[in-house]
Structures are given as C-alpha cells and as structure tokens.
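A.B. asks: Protein chains in written order, with the working numbering: chain A, 1214 to 1367; chain B, 1214 to 1367; chain C, 1214 to 1367.
Read the hints as simulated data drawn from the structure, not as lab findings.
Check the hints yourself; a few may be wrong.
As the list claims (entries may be wrong) - Partner residues are not named here, just some residues of chain B that face chain C (Cβ under 10 Å, in silico):
id: 1; residue: Glu1220
id: 2; residue: Leu1235
id: 3; residue: Asp1293
id: 4; residue: Arg1322
Ideal placement from N, C-alpha and C gives every residue a C-beta, glycine not left out.
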Amino acid sequence: MADRVLEFANPVFASYAAYAGLASMKMMGMMVVTVYYRRMKGVHANPEDTLFTSFGAKDKAVVRTDHPDIERVRRLHLNDLENIPPFLVVGLLYVLTKPSSDVAVWHFRAFLASRLLHTACYLGGLQPWRSIFFVFGYVTTVSMAVQVVAIGSL
Amino acid sequence: MADRVLEFANPVFASYAAYAGLASMKMMGMMVVTVYYRRMKGVHANPEDTLFTSFGAKDKAVVRTDHPDIERVRRLHLNDLENIPPFLVVGLLYVLTKPSSDVAVWHFRAFLASRLLHTACYLGGLQPWRSIFFVFGYVTTVSMAVQVVAIGSL
Amino acid sequence: MADRVLEFANPVFASYAAYAGLASMKMMGMMVVTVYYRRMKGVHANPEDTLFTSFGAKDKAVVRTDHPDIERVRRLHLNDLENIPPFLVVGLLYVLTKPSSDVAVWHFRAFLASRLLHTACYLGGLQPWRSIFFVFGYVTTVSMAVQVVAIGSL
Chain A
1214 MADRVLEFAN
1224 PVFASYAAYA
1234 GLASMKMMGM
1244 MVVTVYYRRM
1254 KGVHANPEDT
1264 LFTSFGAKDK
1274 AVVRTDHPDI
1284 ERVRRLHLND
1294 LENIPPFLVV
1304 GLLYVLTKPS
1314 SDVAVWHFRA
1324 FLASRLLHTA
1334 CYLGGLQPWR
1344 SIFFVFGYVT
1354 TVSMAVQVVA
1364 IGSL
Chain B
1214 MADRVLEFAN
1224 PVFASYAAYA
1234 GLASMKMMGM
1244 MVVTVYYRRM
1254 KGVHANPEDT
1264 LFTSFGAKDK
1274 AVVRTDHPDI
1284 ERVRRLHLND
1294 LENIPPFLVV
1304 GLLYVLTKPS
1314 SDVAVWHFRA
1324 FLASRLLHTA
1334 CYLGGLQPWR
1344 SIFFVFGYVT
1354 TVSMAVQVVA
1364 IGSL
Chain C
1214 MADRVLEFAN
1224 PVFASYAAYA
1234 GLASMKMMGM
1244 MVVTVYYRRM
1254 KGVHANPEDT
1264 LFTSFGAKDK
1274 AVVRTDHPDI
1284 ERVRRLHLND
1294 LENIPPFLVV
1304 GLLYVLTKPS
1314 SDVAVWHFRA
1324 FLASRLLHTA
1334 CYLGGLQPWR
1344 SIFFVFGYVT
1354 TVSMAVQVVA
1364 IGSL
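Whenever a hint applies, use it, and build me the whole structure from the sequences.
C.D. replies: So this is what it looks like as structure tokens:
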C-alpha cells in the first residue's frame, strides 16, 4: 500500500532508518574524538576549556586553533557535516520513490561503509584511498538525489 | 492507525514538529548573532562586507578571522551544525518508531532546553556548565538514534 | 486523503522533493568547486593531498589554510551548511501542514533561486546583492518554520 512507505514493516524504510541512525551516530562520534584529542594534547579552542585537559598534559594546556592532529579531526568532522545530512534527507525522499529493495539497501550500505573507510583513511593520512572512499559515498547520495528529482516536479 | 503517524493529529508528531521548527530557528538565529557582532565590531570575513559595519565602528572596519568574540560565536554555531541536523532527522525517525507520547515529548523538550542553556553558557564562557548541557542534548539524540537502529534492519 | 501527503502524487510533496534534491546537490557541488580550486592553485589542507595538484601547479603545491580564493569558497560552503539542511527538514514538515499548493511551490522556488544567486554573488564578491539574496532564502525557511511551529504543540 502506498500509505505504508514510512513504516518499519517496509523493509526499505527499516533499512534506511537503521543506516540513517548509524550514520548520525558516526557523525556525532566525531565530537567524542575531538574532545579526546583536546584532552590528551591539552589543546583547546576556548580559554575556559583548559580545565578539561587530562592529568598528563595539565602543565602544557594551551588555547590554539592550529594543532595539526586536532585540525585533521575537525576537517574530517566538517567533511561529515557536508555529506551525512544530505544523505539523511535525500535517503528518506529516495525511500518515498519506492525503489527496489535490493538496490536501495545497497545504496545505504555503500554509503555507510564508504564513510567509515573514509574516516579511517583520513585519520591515517592515506591518499588516494581517502578520496576514493569519499567519491564512493558522494556518488551514492547523488544517485539517490537524481532519482528523487527525476520523479519530483519543478 | 499506522498510516497516520506523520500527522499533526498525532500528538508525538505535533510535538516533534514544534520542537524541530524551534531548534531550526535557534540554529539559524546564530547567523543573526554573527552578523550583529560583525557589524558592531567592524570585523568581517570578506573585503566587500566592510560596508555593513555600524556607524560607530566605521573607521576601524577590518577583514580578519581571529577576533575572539566573533570566533566564539562561530564555534557555537558550528556546534549547533554538529548537533541540530542529526536531531532533526533522528527525531523524525524516532516518531516513526511510535514511542510513548510522554517519553517522546520529554526527549524533544530536553534537547531544545539543553541547546538553549548550552548557548547561554558558551556566550558567557561558563564551564563546566556548557559541557554538562552539551552532554545532555547529545545523550538525548543518541538515545533516539539507538531506538531507531534497534527497530530498523541492517 | 490525509494519509497521502508524502507521496509523489501529491503535487506539494513532488515539488518539495525536487527542490530538496536540487538544493542537496547544489550544496554537495560546493565540494567539487573546492577540489577544483585546490587542484588548480596547488593549495591543500592536508600534506598527503598535494599529489592531487594539477600539472600546471605541481611545483608550487603547498599546505596552507589562508588562501583567499579557497577560503571564500569554504565560507560559501559553510553558509550552505547553515541554511540548506534546515530548509530540507523544515520544508518536509511544512509539506505535512498541507499548505496551499501555489504558496508552497513558490516557497521552494524562492529558496533555491535565492541560494543560487547568493552563490554567484559570493563567488563574485558582489555586495549588497549577496546579502539581499541570503536574506531572501533565510526568510523563506523561517516562514515555513513559523507555520510548522504554529500548527505543532509544545
């Protein structure tokens, strides 16, 4: 039934919801990684945050915004902000186009897997792998967006 | 009826919609705060923006990206971008899990309240309060995401 | 029928979906613009990315985060991240308020047009036009958010 698309009884929606929830948590997990790096290295963005430095780094706590390791994590997080929110919304609209279940589920899996591999490669500084996985996730979202626009009306 | 989840007649959805709309406006309000600070202090990110400096600061209008007060507002705005879009999408999926009305409404209230208090503490430089309210909003979204993933299928 | 709001047979939803898909692709297109500028100018954010410099700029590839042209593109992209995700979610909730078709479609068109014109003016450094188009898109989203909150319940 057409009315039952956005229900967990619909396998395409149930799959989208699971991957959307995981992708959201992955993106939010970057905040935990940032806090961990800041604590361990004693490098903070606000003067009042220096109290959160771990004991081992208390004596070298500073306010700076150019520490290479922390800026790397922040660039990675920003890349998530550029890619994951569009996936979340476009994915929901794509579910409403009633795609074939297999094709849809593999879109969601490809997206999440590519973002996790992109993250590992960004933290490890591995190129061209980081770019390859980035493009994979990007193409997945664009593929869904094109199908949504094709069925929609301008 | 299952089909009627995403309707304003459903109190859980009506509550989600109101808090999602307010959280979106709160996040977009940060742009107004940034423009206000830039005007008053004459500190701009683009050379062509200096024309927007308020009369009192016309003679000291500059292009710089390291003014502490303005960077503080921008970090706060970025923190919203990291937290509010996931709440918006995860909250909608959580409504579709048909949670108990009371529990759901308190998730939405806790999230918005924690973000407003986080904002006040960020602007005032109040730690550890800022981190406490941040964690509160974070846990609210993760709680909803976990419930969505648990009902979804991978 | 109330249950059939989120269907492509509903012209308001079909219009929203098309403009939401295009706005998502527009935002994601900023990543392509950034990569293009970085390649052409040989200016990268990570040491391992210098291998992506175009042939003409190979000998001057550097890691720096203050190149004016590239920072301009990144500020424009950040402005999209601040405006487009709220539009995507608020727009969907607005569709669920069952607005009149004409009014709704013109909201979506005004938003996308204003963001495209804002982009052109940002890249060209055209003020006050950039701010005028920014405000246009901003007001469109706030207008929808106010209607959602008005029908929702706190």
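A.B. asks: Are the hints correct? Go through all of them and say.
C.D. replies: These are the hints, each one checked on the structure:
1. Glu1220: 6 Å, holds
2. Leu1235: At about 6 Å, which falls below the 10 Å cut-off, the nearest Cβ of chain C leaves the hint on Leu1235 (chain B) intact, so it holds.
3. Asp1293: 9 Å, holds
4. Arg1322: 8 Å, holds
Checked against the numbered hints above, the structure violates none of them.
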